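Chains as they are written, first to last, in numbering that gives the first Met the number 0: chain A, 0 to 141; chain B, 0 to 141; chain C, 0 to 141.
Each hint should be verified, as a subset may be incorrect.
Between beta-carbon pairs, the in silico distance windows are [to be verified]: (1) Glu61(C) to Ala12(B): 29 to 39 Å; (2) Ala65(A) to Ala65(C): 45 to 55 Å; (3) Asn29(C) to Val8(B): 32 to 42 Å; (4) Arg104(B) to Glu126(C): 20 to 30 Å; (5) Arg141(A) to Arg104(B): 20 to 30 Å; (6) Ala22(C) to Met0(A): 22 to 32 Å; (7) Thr122(A) to Ala137(C): 37 to 47 Å; (8) Pro54(A) to Ala137(C): 42 to 52 Å; (9) Ala10(A) to Asp53(B): 43 to 53 Å; (10) Ala65(A) to Lys69(C): 18 to 28 Å; (11) Glu61(C) to Arg138(A): 39 to 49 Å.
Okay, derived cross-link-like pairs now, BS3-like style, lysine-lysine, Cα gap no bigger than 30 Å in a straight line [claimed, not checked]: (12) Lys69(C) to Lys69(B); (13) Lys69(C) to Lys69(A); (14) Lys69(B) to Lys69(A).
Chain B residues, not near chain C, derived (Cβ > 10 Å throughout) [what the hints assert, rightly or not]: (15) Val8; (16) Val28; (17) Ile48; (18) Asp108.
It should be emphasised that the hints constitute simulated quantities derived from the structure, not laboratory data. Source: prediction; values computed, not measured. Glycine residues also receive a C-beta, built at the ideal position from the N, C-alpha and C atoms.
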Amino acid sequence: MHVAAHELVVATAGRGFVDVTAAVNALVVNVDVGVATVFVHHTSASLLIQENADPAVRVDLEAFFARLVKDGDPLFTHTDEGPDDMSAHVRATLTATSLAIPVRRGRLDLGRWQALYLFEHRTRPHERRISVTVVGSARTDR
Amino acid sequence: MHVAAHELVVATAGRGFVDVTAAVNALVVNVDVGVATVFVHHTSASLLIQENADPAVRVDLEAFFARLVKDGDPLFTHTDEGPDDMSAHVRATLTATSLAIPVRRGRLDLGRWQALYLFEHRTRPHERRISVTVVGSARTDR
Amino acid sequence: MHVAAHELVVATAGRGFVDVTAAVNALVVNVDVGVATVFVHHTSASLLIQENADPAVRVDLEAFFARLVKDGDPLFTHTDEGPDDMSAHVRATLTATSLAIPVRRGRLDLGRWQALYLFEHRTRPHERRISVTVVGSARTDR
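One chain only, chain A, in its complex shape (with noise of 0.2 Å):
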């Protein structure tokens, strides 16, 4: 048994999805079977598992949380930083800021349509950093 701590960071486009499946898979292949602890040092960006297979689901869901969290929404006070800001916050609070998946013979256990996310909720471009700690039992076929 042992831990690992890797730190990524991530260039976003402003809001949208950015799939980093491969970057934390990369950082896992010496990992027979354990658990990666991934996390998000922010707290207007999120961490999302989702289908990988059709771009609408991303779209849909983008569309989904425009209409639930409005940008601009007059009930919200905290608005320093422009209309998608608060919404941003709310939007992060709905979904994950850490997530724990199974590590199987160095890859992660993701199901067949599944991809891991991250989830920016601002406009504007961010860089993202996004800490991975691994501990699980080495492996031994290679």
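Assemble the complex: chain A is given as a structure, and chains B and C must be docked to it using the hints.
What follows is chains B and C alone, placed relative to chain A:
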């Protein structure tokens, strides 16, 4: 300290909740102190820890989600598998794909009224794969 | 590598946020690299990582949830403990029961503006049990 990997396949009867607490408890009987990471390998079903005392809690939860995320919402374009296709992905996004649950003396350390449910979001029955990764110390009292 | 189990009891003043960052940080001072799994043993309170800089973020979050999940909603049948009973369960379902937070050199590796809150959803004060399970390597620099 060691790590153990387990897998459960859960048959659902369509939209609703399946209590998997006992099935996961059976996987941690030899662990003294640790964490069980439960992960569902699907994007239209999720995990939930909620009250197990009054079944009305689950009835009301389902009613809330049915109203918040409408099947057949004209907003959705990902509708190949029917009116509950995209709504299922949204419901899964608003709930949990992974949960990390403390283990103490061979049992999940859940609160008195907490149970662990698989939350099926599709209207038809499905087989759902759940993996459980247990990291912890071994019991020496048995 | 080792594992340590801790428990916190947090008194809430009714609906709102209690910052538990310092209390959890105190439990990880001897860990070099690892993960702290925080778990709340209740179904009407939850965990949240959100901005700690501007208190208006938490005011707006509470306002958003109060509008999205209405106390006394006639949809709800689980109302034995009052109009905030079922709404509290729904709020807890839409947020987190467990969070896995990276630990680095004796501290939770939170982002600059992130704090860890207990989010109380009931209107009356409660005592809430939180457990923290820390898995990681020991610090050798102190």
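Evaluated hints:
1. Glu61(C) to Ala12(B): 29 to 39 Å: holds (37 Å)
2. Ala65(A) to Ala65(C): 45 to 55 Å: For Ala65(A) and Ala65(C) the Cβ distance comes to about 21 Å; the hint is violated.
3. Asn29(C) to Val8(B): 32 to 42 Å: holds (40 Å)
4. Arg104(B) to Glu126(C): 20 to 30 Å: This hint holds: roughly 23 Å between Cβ atoms.
5. Arg141(A) to Arg104(B): 20 to 30 Å: Roughly 37 Å apart at Cβ, these two residues miss the hinted range, so it is violated.
6. Ala22(C) to Met0(A): 22 to 32 Å: Taking Cβ atoms as reference, Ala22(C) and Met0(A) lie about 28 Å apart, which means the hint holds.
7. Thr122(A) to Ala137(C): 37 to 47 Å: holds (44 Å)
8. Pro54(A) to Ala137(C): 42 to 52 Å: holds (46 Å)
9. Ala10(A) to Asp53(B): 43 to 53 Å: Cβ of Ala10(A) to Cβ of Asp53(B): about 48 Å, so the range 43 to 53 Å holds.
10. Ala65(A) to Lys69(C): 18 to 28 Å: holds (22 Å)
11. Glu61(C) to Arg138(A): 39 to 49 Å: holds (47 Å)
12. Lys69(C) to Lys69(B): Given that 30 Å is the threshold and the Cα spacing comes to 18 Å, the pair holds.
13. Lys69(C) to Lys69(A): holds (18 Å)
14. Lys69(B) to Lys69(A): holds (18 Å)
15. Val8: Label holds. Min Cβ-Cβ 23 Å, cutoff 10 Å.
16. Val28: Val28(B) clear of chain C: closest Cβ-Cβ about 17 Å, beyond 10 Å.
17. Ile48: violated (5 Å)
18. Asp108: The assertion about Asp108(B) is violated, with a minimum of 6 Å to chain C.
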